[in-house]
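Visitor: Just so you know, we're using the numbering used here here: the sequence shown kicks off at 134 and counts up by one.
What the hints contain is simulated information worked out from the structure, not anything from laboratory work. Heads up, the beta-carbon is just placed ideally off N, CA and C, and yes, glycines get one too. There may be inaccurate statements among the hints.
As the list claims (entries may be wrong) - Derived lysine-lysine pairs resembling DSSO-like cross-links, with alpha carbons at most 27 Å apart:
| no. | residue 1 | residue 2 |
| --- | --- | --- |
| 1 | Lys346 | Lys285 |
| 2 | Lys151 | Lys285 |
| 3 | Lys381 | Lys398 |
| 4 | Lys407 | Lys380 |
| 5 | Lys140 | Lys151 |
| 6 | Lys380 | Lys398 |
| 7 | Lys381 | Lys285 |
| 8 | Lys407 | Lys381 |
To be verified - Label-pair ranges, simulated between beta-carbon atoms:
| no. | residue 1 | residue 2 | range |
| --- | --- | --- | --- |
| 9 | Ser141 | Ala396 | 52 to 60 Å |
| 10 | Glu177 | Gly270 | 32 to 40 Å |
| 11 | Gly270 | Met406 | 54 to 62 Å |
| 12 | Leu187 | Ala400 | 33 to 41 Å |
| 13 | Glu391 | Asn144 | 43 to 51 Å |
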Amino acid sequence: VPISQFKSHLNALEAEMKDVFASREGFLYDLLRYHMGWTSQQGEALDSAPRLHLQSMLTLVCCQAISGDFSTALPAAAGIEFIHNYTLVHGDVQSNRAMAEDRPSIWWVWGPAQAINVGDGLHALGRNTMMRLAQRGIPSERVLPAVTSLDKACLALCEGQYMDLEFQDQLMVTSADYHNMIGRKTGALAGCATELGAIAAGAGNEVCAAFQKMGHGLGMAWQISLDIADLWGSRADGMTSSNMLNKKKSLPLIYALETSSLADKRALGNIYMKRVLQPEDIAQVIGILDQAGARPFAESRARELADEALSDS
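Hey, can you work out the whole structure from these sequences and the hints?
Guide: Shown next, in the form of structure tokens:
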């Protein structure tokens, strides 16, 4: 899809999501609108450009690649986007992130209990929105597999999130463990996104399965890229990443633990055995990762996963 077409895709997706909210009023939906970036904390409408929604855009692009028209997949893309945002709201609570998309997170403003409720609401809304596929002419015998695919992805996502949280208390996490975790946490929803695009386009089972496999691999590559950005990306607010402070295990860290000198391994072990990490600890970790060549290794692995996903499709 040409870059020039992305704007029309984004605008159509935003319109679809806002239409889902058109008849929904009340405090819960005010919070949901705030999280989606449509309103201020006071409920005032914001005239901001649509965000780039990567996973839901995959749904639209895949549908267009097969059928030439992305519009039939808009409900599925909106459903994917709501599900993705439910994970973001819950993730902010789990990681104690005060900021989300350069604005105060839901839990920071309204408390963790309301944030959990908002996340649950987005999850339910994601499933409910899938039923709008029928309004786009998708027959019921294809809507059910689409919803089933979304449910399976959500369950796999939760499995991956459990592993991610569990790894925070473990120093030694293998590369295989990490790949298994991100395959569930991020790969599952990305695979679902591409599969839903194929389903909405009317593709057969084999094509849908191939698109799911492609999206799964792209999702894993994307997660590694996110980990790299989290470790080495510059933050405008000057804050240290909450993922690092929470001892989340990334591929660069795992690579360093597997390949560094004994002295560096001991240094990493001493840091991660601390009950609470400080910003100066993170600076030392980054130095060891740089010494080990962890960043180029992770970048190479992300490219490898993306190339494999695209070549197999």
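Visitor: Look at each hint and say if it fits the structure.
Guide: Hint check results:
This hinted pair checks out: Lys346 and Lys285 have alpha carbons roughly 14 Å apart, not beyond 27 Å. For the proposed pair Lys151 and Lys285, the alpha carbon gap of about 26 Å is at most 27 Å, so the pair holds. For the proposed pair Lys381 and Lys398, the alpha carbon gap of about 17 Å is at most 27 Å, so the pair holds. In summary, the hint linking Lys407 to Lys380 is supported, as the alpha carbons are separated by about 10 Å, within the 27 Å threshold.
Proximity of Lys140 to Lys151 is assessed by CA-CA distance (about 16 Å); at most 27 Å being required, the pair is judged to hold. For a cut-off of 27 Å, the pair hint linking Lys380 to Lys398 stands: about 15 Å separates their Cα positions. Among the hinted pairs, Lys381 with Lys285 is consistent with the structure: their alpha-carbon atoms are about 25 Å apart, no more than 27 Å. A distance of roughly 14 Å separates the Cα atoms of Lys407 and Lys381; the hinted pair therefore holds under the 27 Å criterion.
Between Ser141 and Ala396 the C-beta distance comes to about 55 Å, which sits within the given range of 52 to 60 Å. Look at Glu177 against Gly270: about 37 Å separates their beta carbons, and that is inside 32 to 40 Å. Between Gly270 and Met406 the beta carbons are some 58 Å apart, a value that agrees with the proposed interval 54 to 62 Å. Range check, Leu187 to Ala400: Cβ separation about 35 Å, and the 33 to 41 Å hint holds.
A hinted range of 43 to 51 Å holds for the C-beta pair Glu391 and Asn144, which are about 46 Å apart.
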